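Asker: As you go down the protein sequences, you meet chains G and W in turn.
Counting from 1, one number per residue, gives the positions in the first sequence under my numbering.
Counting from 121, one number per residue, gives the positions in the second sequence under my numbering.
Don't read these hints as lab results, they were simulated from the structure.
Bear in mind that the values here come from a model prediction, so they are computed numbers and not experimental data.
Just so you know, even glycine gets a beta-carbon here, dropped at the ideal spot from N, CA and C.
Careful, some of the hints might be misleading.
Distance condition first, Cα-Cα at most 30 Å in a straight line; then the derived DSBU-like pairs of lysine-lysine [to be verified]:
no., chain 1, residue 1, chain 2, residue 2
1, G, Lys41, W, Lys123
2, G, Lys55, G, Lys14
3, W, Lys191, G, Lys41
4, W, Lys217, G, Lys55
5, G, Lys64, W, Lys217
6, G, Lys41, W, Lys183
7, G, Lys41, W, Lys137
8, G, Lys41, W, Lys177
Which stretches of chain W does chain G cover? Using the computed rule of at least three CB atoms under 8 Å from a CB of chain G, they are [said to hold, decoys possible]:
no., segment
9, 128 to 141
10, 160 to 173
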Amino acid sequence: GAVVSQHPSRVICKSGTSVKIECRSLDFQATTMFWYRQFPKQSLMLMATSNEGSKATYEQGVEKDKFLINHASLTLSTLTVTSAHPEDSSFYICSADRGGTSGGASDEQFFGPGTRLTVL
Amino acid sequence: SQKIEQNSEALNIQEGKTATLTCNYTNYSPAYLQWYRQDPGRGPVFLLLIRENEKEKRKERLKVTFDTTLKQSLFHITASQPADSATYLCALGDDYKLSFGAGTTVTVRA
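Using the sequences and the hints, build the whole thing.
Answerer: So this is what it looks like as structure tokens:
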């Protein structure tokens, strides 16, 4: 159990276009989903945290108007990279939290397989 | 500033030996610490979690220690196998957020 999928796994786009990445929890309801970005040989950096039905919370330095997050249901969150540029090329990974026993977030996140974005 | 440092060098070991990875941190007070495995082009896979009030955890051939005084965690893979070759990430947990180290790449030679 606790499987998280991402779609697409790879995307190549032209500079200036927008790209949408989906993150789904397949066999559980995710109270909270997280979006990370990872550059080669670097650590995962948390970009934002989203809860179903509410606005995402962005980490310092992450442009909320550039990286639009929609957490429309308990099993789906989307990240849209708007007007993508070559410097946005990276590996984007989502994770999902199915919540603690007393409500709220838990300390266990389940990660998706990642989406490789290349902006030409 | 906050820092999480893992072995900067890649680790190459012979099959059957024990791999020991370190994770040191500064200016954090994590409630728990996790270790993940990441294969190239893939998302992290959870391995072990250890809480701040725990000293050691084991799972099959894996062992993790957590010293909050030294601000260090050690991760051991015993009786290593070529299939253990991967990058291993430590992550510090505070509330629901995780902060990751850059990882240590382990290669196990047959």
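Asker: Give a verdict on every hint.
Answerer: Here is what the structure says about each hint:
1. Lys41(G) / Lys123(W): Satisfied, since the Cα-Cα distance of roughly 16 Å is no more than 30 Å.
2. Lys55(G) / Lys14(G): 28 Å, holds
3. Lys191(W) / Lys41(G): Since the Cα atoms of Lys191(W) and Lys41(G) sit roughly 23 Å apart, the hinted pair holds (cutoff 30 Å).
4. Lys217(W) / Lys55(G): 17 Å, holds
5. Lys64(G) / Lys217(W): 18 Å, holds
6. Lys41(G) / Lys183(W): OK: Lys41(G) and Lys183(W) at ~25 Å, within 30 Å.
7. Lys41(G) / Lys137(W): The given pair, whose Cα atoms are some 25 Å apart, holds under the 30 Å limit.
8. Lys41(G) / Lys177(W): 28 Å, holds
9. 128 to 141: n = 0 at 8 Å, threshold three: violated.
10. 160 to 173: It holds, with 7 qualifying residues against the three required.
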